[in-house]
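Colleague: Chains as they are written, first to last, in the working numbering: chain H, 19 to 380; chain C, 6 to 863.
What the hints contain is simulated information worked out from the structure, not anything from laboratory work.
If you're wondering where the values come from, they're calculated on a predicted model, not measured in any experiment.
Mixed in with the good hints, there may be bad ones.
[What the hints assert, rightly or not] Result set (DMTMM-like, lysine to aspartate or glutamate): computed pairs, CA atoms no more than 20 Å apart in a straight line:
#1 C:228 x H:68
#2 H:372 x C:134
#3 C:120 x H:214
If you want the building blocks of each chain, they are given just below.
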Amino acid sequence: MSKFITLFFLLFLLTGCGSKTYKVGFIGSLSGSGAPLGANGRNGALLYFDELNKSGGINGRRVELIEADVQSMPDKTGECIEDVYNKGAAIVIGHLTSGEGLEAQIKANQLKIPMISATISGDNFSGLDDYLFRITSSNDYQGKYLGAYAKKIGYKTVNIIYDIDNKSFAEVIMNSFLNELGNDKRVLNSIILNNDQKKDLNEVADILYKDNADVILAINDSVTNAKLCQVLRKKKVTSRVMMSAWSIMGALIENGGESVEDTVHVSLFLLHDNEPSYQKFKNKYFEVYNEYPNFSGLFGYESAQYAAEVLKRVKNNDVLTALKSIKTFQGVQQQIGIDEFGDGVRELYLYTIKNGQFKRIE
Amino acid sequence: MNRSIKGIFLYTVLLVVLFNLIFVFFSLVMIFSQMKKYVYKQNKILINSISIIIDNYYEEKINILNNLSKIITIRKNTPQSVSVNTLLDTYADSYDFFDGIMILDEYGTVVSASKILVSSVGFSYARSEFFTETKKSGKPFWSKSFVSNETSNRSLTVAFPMNEYIIVAYINLVVIEEKIADISKESSITASILDRNGVYIVTDKAFYAESYKVDVELLKELKINKSGVFERKSGKNKILVSYLYLENIHWTIIIDQEEEDVFFVVRQINYIQFGYLIVLLVMLFVMSNNLLVKFNKSLAGFVKSMDRLSSGEYSEGGALSGLYEFQQLYDYFNRMQMSIKSREEEIRQSEKKFRSLSENIPVGIGVAGLDGKLIYVNAKFVSLFGYDIGDVHTVTEWSLKAYPDEKYRIESELLWKSDIETAVSSGVMYSKGRIYKIVTKDGIVRDVEISFSLANNELYVVFNDLSDAIAMSRELVSTKNYLNKVINSMQSLIIAVDNKRNVVITNNFKLPGLPFEFENTNDLKHLTDYFTELEKKMNESCVTQEMVIIESLKKQEKGVFYYYDISIYPIENEGLVIVLDDITEKNRFREMLVQTEKMVTIGELAAGMAHEINNPLAAIIQGGQNMMRRLSSELPANLETCNELGISLEQINEYLKRRNILSYIDGINSSGKRAAYIVSNMLNFSRKSNAGKEDVSINEILDFTINLTCTDYDIEKKYDFKQINIVKNYSPDLPLISIKKTEIEQVFINLIKNAAFSMIEKATQSVTEYKPELQVSTFREIGSEIIIVIQDNGGGMTDSVRKRIFEPFFTTKPVGVGTGLGLTVTYFIITQTHKGSISVESLDGEWTKFTIKLPFET
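Let's have the full structure, built from the sequences with the hints guiding it.
Modeller: Here it is as structure tokens:
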């Protein structure tokens, strides 16, 4: 009897003891114009950690995602990193535009907190031995792919239009695009969109109409590019529009209607991948979020895979060494390489739109 | 298990507290459960109120758009007209929830728009969800929410069908956000609205309202049920969630309430209850302490009496101060004291007897408790092993000392265990008779038999020291073994029998030539049957009690003669000892010794005689020869002498011839020669010379001799030597031997001829079928002798003949057939010239065997 009572008291005392968790920070725009990108990235990461926790976590420890909203304002990035750092995050997944990435890079180095970016592809981040690691290829590959295609068709005159808020991203693509096009190309106009211009693109369209270039390289978000195409169609601008991977998502077709037909896009992932690993991911994502994932969701998921692999290898709380020890890891669609500077190496794909559907250009 | 009163009291208090805790726990569970139900019920009512607000909100928008549609239709304005644009502006301005309104034609192209959206005119929304869905269903459509690029507000799109056109309005959610915020204000709940994708579109949670937050948990619940409740964790807090999905606009109303807020009051009561329990606990401690002081006082007196009792002092008792209840107990105690006193005396007497018995018993006794602790050892135990109760405290400790060899200790302990188990099951003192080797304190090893018994939860072990008995027994065995070895080592068959003629001891010696092996009692009969006179002599010895000896008993087995001496010794009326000795070899040796002595004497005598005879014999032979020579006409001196005398030599010879004088002279000559031949042989008896020896093969000489003899015999005796079956058993590995070849050939010829003669004699006399056989064997004996055996199956000889066979002039052949010197010469060639030996064995009428041993130098 006395043993039973002692046991009972012990059970009372033990109740409430919990196990430790790994904390992973997530920063990205969960509100504002960048929300579709940021929220999908966050959803992808959440999906992976949910699967991981259900299968027992890492060495029996759960992984908790601590979110911080950049609110589509690049200057809030540093503040957000500090926030998740103070909440005990060991590593941060960043789902950011390249504009936000600059702030992130400075802060991560300052706080010495390793950060994995799902989407930053700006060229000025590559080749640096810093705390920022990426699973995407650098942006100049996007420009190279599009430029090579334009050159193959024989386009010579070019108009460029891009978002002021993602200037560093856009300019890397622009430069590599022009380099690839060769010496006999001619840039007629390079337009940097401010927030007012984004609301009314008629004036911009007038300029483009006047120039009538062979090709317009539009480096903007999906909704802005959709609107741009609508205006161009209305103004009967016949130039071929080429877009960066930033805008390749359903919202482009939904908001662009017929105006986006025949536009050319570079994609960081395979849109119609029938491989079982991607199908499994896609269906799981739909099951949870009621919609299919875009690249942002996929990259969020892969960032989480990468972060988990790092945490499995951490010894003596040295996350940086663990990060550097990984040279390659299996993503959902392909094997993703990580070079000595922590920059991702992966294959890109070209698409056009036919009858409201993305079709791959082989 | 013993407990203190204080312990029991504490235990009781803890039990009370525990039951209180259990009671409080289950009460709380019940209260929480009821309260939870109540909260969900309240929240459901609230959700219903919000759903009415949303319905009104929805209806309001639909009604306004319906109204707008009607106005446009009634005015029969084409949607593209300027007036419609104005109308759309008016509507958009009049209602602050409209961010903009536009009209799409049947192809999804914007044909008309309010001011803020005017740049969209001409845009195609043919592939937008709001167009395709409205076109398909013909019903109003509410899109998922989004953050407007134009206004940065959380917005959604409402599409309303108008004939072939579609009115599209962008609606901001600011108004409904405010209404929801009013509901949540000053209450502990959080009300939110989520769009079709589970994204928070309206909530008073600042973060969720601004962010693109998807409620994954809610989406999961919605898949199961369109309305209901569930719980989730938010940090350390638990949230109670109620929700309702609105089918018409695919929104979900959700109410979150922190469990902590709901159960605040209950928890407060809970804390008070815990406080009460602690106070109760303290009070109980104070009270118990007071009681304990009094209790201890009574107990102290009681304990004092018990102390006296424990030291053997018995008191008559008296009054006890303190608690009344103790006095009664004390009286009982005193009565018990007296009872113990008398019983103790009995025990003391009993123990005295036991001790006396135990200390004088010739075996060691050890008593141990079931825990292995040694309780008692007797004096014998101490004298046996040297350990007293103070030296070793446990059986294990003693075992370590008694069995220093670990392996033996483990084995012994296992045997102990087995014996103890048997003792326990049988219920009596048990010993399997095992002898354990136990090392004493002085290092002496003792042989001890151990018995076990278990009684009154104590193990009684009895140690019987058998060291002396075992040592004596070993001595006896050793002596017996030694005697047996002595008897067994003797080269005679020794049999001891009792008065009933039963064999008591025998060494089972295998006596050569005995046709059976003497192994057991029954064999005495075999023995008396075989040696027929034995039985009689045994009886004689028994009666006279004197030693009786039967000497040189001759027995033949498988063609070999054996000689035995049997000695019978009486053992003081307890039976007899019979000793049988094989004296065959001894006999043979003795015979040979006699023979040798005899032959040497004869040899020397004969040689001496021959030498003396030789001179007169020479004069006789010479005289005879001269006589013949002086009668010859060839000698001129004879003719001259005859002429001088005038006598014719022919006449003289004629005269001598007619008077047979010449034949007498020839007789003198031939007899002289014969005598000279004999004398020449006799002279050889004492000649010992090595000259003329050469290394030859005995086997080759034998073959040569056999061939020569066969031929010789055929011619002389007209006997077909081939009828004799010659069996040769030659050893192939004989060494060459240094001998006088011609002499040895002479020996073999003599022996083979004698054998052949004997076999011919037997063949001529035999009436039955007879197959003559001559066996010639050679072999090498261990050492440096070559042995040649020549055996025939001829007529054999008697013992008296056999003993004289080598003597000169002794012959069994008819007169004139032999000189009687053949075997004598043979004997001396072997023994004198070659330093060997020759012997003969024979069975009269059956066989004769000559054995020659020739030494050789290795």
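Colleague: Now look at each hint and say whether the structure bears it out.
Modeller: Outcome of the hint check:
1. With a C-alpha separation of about 18 Å, the suggested pairing of residue 228 (chain C) with residue 68 (chain H) holds against the 20 Å cut-off.
2. For the given pair, residue 372 (chain H) sits about 18 Å from residue 134 (chain C) by alpha-carbon distance, which is consistent with the 20 Å threshold.
3. Restraint check: the Cα-Cα separation between residue 120 (chain C) and residue 214 (chain H) comes to about 15 Å, which is no more than 20 Å; the hinted pair holds.
Figure legend: structure checked against the earlier numbered hints; every hint is met.
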